[in-house]
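Number of protein chains: 2
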Amino acid sequence: MSEELRLVTCTAPVNIAVIKYWGKRDEKLILPINDSISVTLSSEQMHAKTTVTASSTFLEDKIWLNKELQASSSRLSSCLEEVRAKARQLEAPAVNPDWKVRICSENNFPTAAGLASSAAGYACLVSALCQLYGIKGDTSILARRGSGSACRSVYGGFVHWKMGERADGEDSRAFQLHPACHWPEMRVLICVASDTRKKTSSSTGMKNSVQTSQLLKYRAEEIVPKRTLEMIEAIKEKDFSKFAQITIKDSNQFHAVCQDTYPPCVYLNPTSHQVSSLVHQINNFSGRFVATYTFDAGPNACIFLMEKDVPKVLGLLKYFFAEGDEFVRGEELPMEEATEAETSKYSVDRIAGGLKYVICTRPGEGPEVLAADQHLLNNQGEPKFMQ
Amino acid sequence: MSEELRLVTCTAPVNIAVIKYWGKRDEKLILPINDSISVTLSSEQMHAKTTVTASSTFLEDKIWLNKELQASSSRLSSCLEEVRAKARQLEAPAVNPDWKVRICSENNFPTAAGLASSAAGYACLVSALCQLYGIKGDTSILARRGSGSACRSVYGGFVHWKMGERADGEDSRAFQLHPACHWPEMRVLICVASDTRKKTSSSTGMKNSVQTSQLLKYRAEEIVPKRTLEMIEAIKEKDFSKFAQITIKDSNQFHAVCQDTYPPCVYLNPTSHQVSSLVHQINNFSGRFVATYTFDAGPNACIFLMEKDVPKVLGLLKYFFAEGDEFVRGEELPMEEATEAETSKYSVDRIAGGLKYVICTRPGEGPEVLAADQHLLNNQGEPKFMQ
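So the sequence lines, in the order shown, correspond to chains A and B.
One rule links them: number in the numbering used here = place in the first sequence (from 1) + 29.
One rule links them: number in the numbering used here = place in the second sequence (from 1) + 29.
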């Protein structure tokens, strides 16, 4: 008897933290030592896409990530088991939680290069599985079990991950502050650095920081709580100057904590520092906050700015850091070639090829369920790429 | 009538802080926000040398630094005026403090490249002037008025600058913990990075940090006091493991504070980070603390280690960071060429020419008074280099 498989395909977006998550108080449950706030980016330019299915005929769970069959990882299994446990609590789960699953996932952007791929990946996995079983309500707690920052990718727009207080982590979840349409003028430039090797993984880095950095403890307890409230206010009021300044300070403080870690973890490269310096100088010369930057655990700058300022900033980024053509990718936005009169004002080291390219995007919505023609698995639960 | 000029020539050493001074509570009096501890380096390899004289016939103060006549600077004048004020309190100053002075000073190492040149320079100036006027006792308070860290260069060996409590700064002075002979096995490798441009001066950087870094306040108030006591104990016990670990942590925390500053100040370059990483790996592979590093406001690493470990560490530094010959300067110490079996263990980016050279030296004594044949000024008070 050929059973009809129930297939679900979702996309989930990347999110960029403007108040950083760095440090767990519980490694197993992935409970953070402070709140964080992020902006979810449009799935148009960057997303994870995942198809899931389950069947009584499958003998084992199988997971393909970017076309490679994955060995079981404790993170992946623990995340999957959490979703199944939740499904078993349902009166009538849409599919049997005891059945083995097939999961096929891909990102349309480089993995593990500091582009928040695991956040999108786990948010997508959890969203698809919840859809498969018929789990309703908040999915951020489940996504958190895969990768902490994934919990923020289950909501669109501006998102607040509250650290919570409970030992079981049931109050450590994400909340949407505002949907993406709240700040329609906002644009985002993801500056992809050429040297994207990640020397210390985020998990290892933050574990070392928690164990060795005295500054991290102070940051988490004394600085972030106030800064989080200020950031919520800045977003609510669409006060870009305030948003920009807090974003820069929090990114730099996170990298300060990395430097204070024993041994130090260094994620920024010379191009990163020059991009930062360029943004400070643009703001100084303009007499207002034109742009703001933030760096995750990697050298790629993420620049937030208003649509009207994109042409000028893109032009300066190209002048100082581009090498070949095809420098600008993603959403088509106008660029203004920088004039010599303009560039000569800047005290920035020109690093040709320091950036590989810039992805233009904007804030966007949370995970989406796609139509059947988008499935990555066929009706036998085999990946279509293998056909 | 041709008056006989009284000429005094001194040298003063460089010092390297192992508990860092970063931040003033009083900009004018140069009072720090925390204690610091340093090691004075031997004057054999690196020193400032200064000749001073005074005469009723001079119409103005004149100062030559590294063969260039200096425009009056507020630091220089304030330091000079402090010494004169002190001389006026003497019952019988050796020369009249109201007379104008001639000062000629030179360093035998690059100025303003993060090699503590101003510390040696001001310590030397003050030592020579005190000798000229006949001022006895502690000179560190006077040296502090020129450049904060200069107060530590008026003593040899291991030195503690106590921040003090008084508003007038009269208790903010240096004390010798131990003379250089206390730890005779200690050697010092000054790793001079190729890119030695200093982007933000120490004065500007620390001022920005005090104004904008919340982490600095916590560091100064909560972390440094305990760390200072631990470092004093480590030096007293000649416990290199403890000395090494605190030195690394304090250097990294200082650079963390720089990164937390708004706008961030970045003093380390990619070679700096690779030198740090090499030291951590040498220690890990050896199963003990072989070496420790510290960076001031520049990219040059200062490595402390025991004499027996110098050959191996020099060999690895040469393998990873040298380009041409003449890599090793200063005191002649044996080097062991690194074998491939050894170097292949390391995960360090090889940066040929990342270091220009390494100066080998050791802890040394404080300022010295030199004989008449060493004067930089002639009997008319004119610089000899002008003759």
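These aren't lab readings, by the way, just hints derived from the structure by calculation.
Every value quoted in this text rests on a predicted model; they were computed, and no experiment measured them.
Careful: at least some of the hints might be erroneous.
Intra- or inter-copy, both count: the list cannot distinguish identical chains.
Said to hold, decoys possible - With a straight-line Cα cutoff of 27 Å, these simulated BS3-like cross-link-like pairs (lysine-lysine) come out: (1) Lys-236 x Lys-265; (2) Lys-246 x Lys-236; (3) Lys-374 x Lys-236; (4) Lys-91 x Lys-265; (5) Lys-91 x Lys-271; (6) Lys-191 x Lys-413; (7) Lys-165 x Lys-96; (8) Lys-267 x Lys-413; (9) Lys-341 x Lys-228.
Here is how each hint holds up against the structure:
When the C-alpha separation of Lys-236 and Lys-265 is checked against a cutoff of 27 Å, the pair qualifies neither within a copy, at 33 Å, nor between copies, at 33 Å. For the homomeric pair Lys-246 and Lys-236, the shortest alpha-carbon distances inside one copy (12 Å) and between copies (24 Å) are both at most 27 Å. Proximity of Lys-374 to Lys-236 under the C-alpha cut-off of 27 Å is restricted to the inter-copy arrangement: shortest distance 25 Å between copies versus 42 Å within a copy. Proximity of Lys-91 to Lys-265 under the C-alpha cut-off of 27 Å is found in neither arrangement, the shortest distances being 43 Å within a copy and 61 Å between copies.
With identical chains, the CA atoms of Lys-91 and Lys-271 are never at most 27 Å apart, being 46 Å at best within one copy and 50 Å at best between copies. Proximity of Lys-191 and Lys-413 under a CA criterion of 27 Å is satisfied in neither setting, with 39 Å inside one chain copy and 71 Å between copies. For the homomeric pair Lys-165 and Lys-96, neither the shortest alpha-carbon distance inside one copy (29 Å) nor that between copies (79 Å) is at most 27 Å. Neither within a single protomer nor between protomers do Lys-267 and Lys-413 lie at most 27 Å apart by alpha-carbon distance, with minima of 44 Å and 66 Å respectively.
In this homomeric assembly, Lys-341 and Lys-228 come within 27 Å of each other (Cα to Cα) only across copies, at 26 Å, whereas the closest approach inside a single copy is 33 Å.
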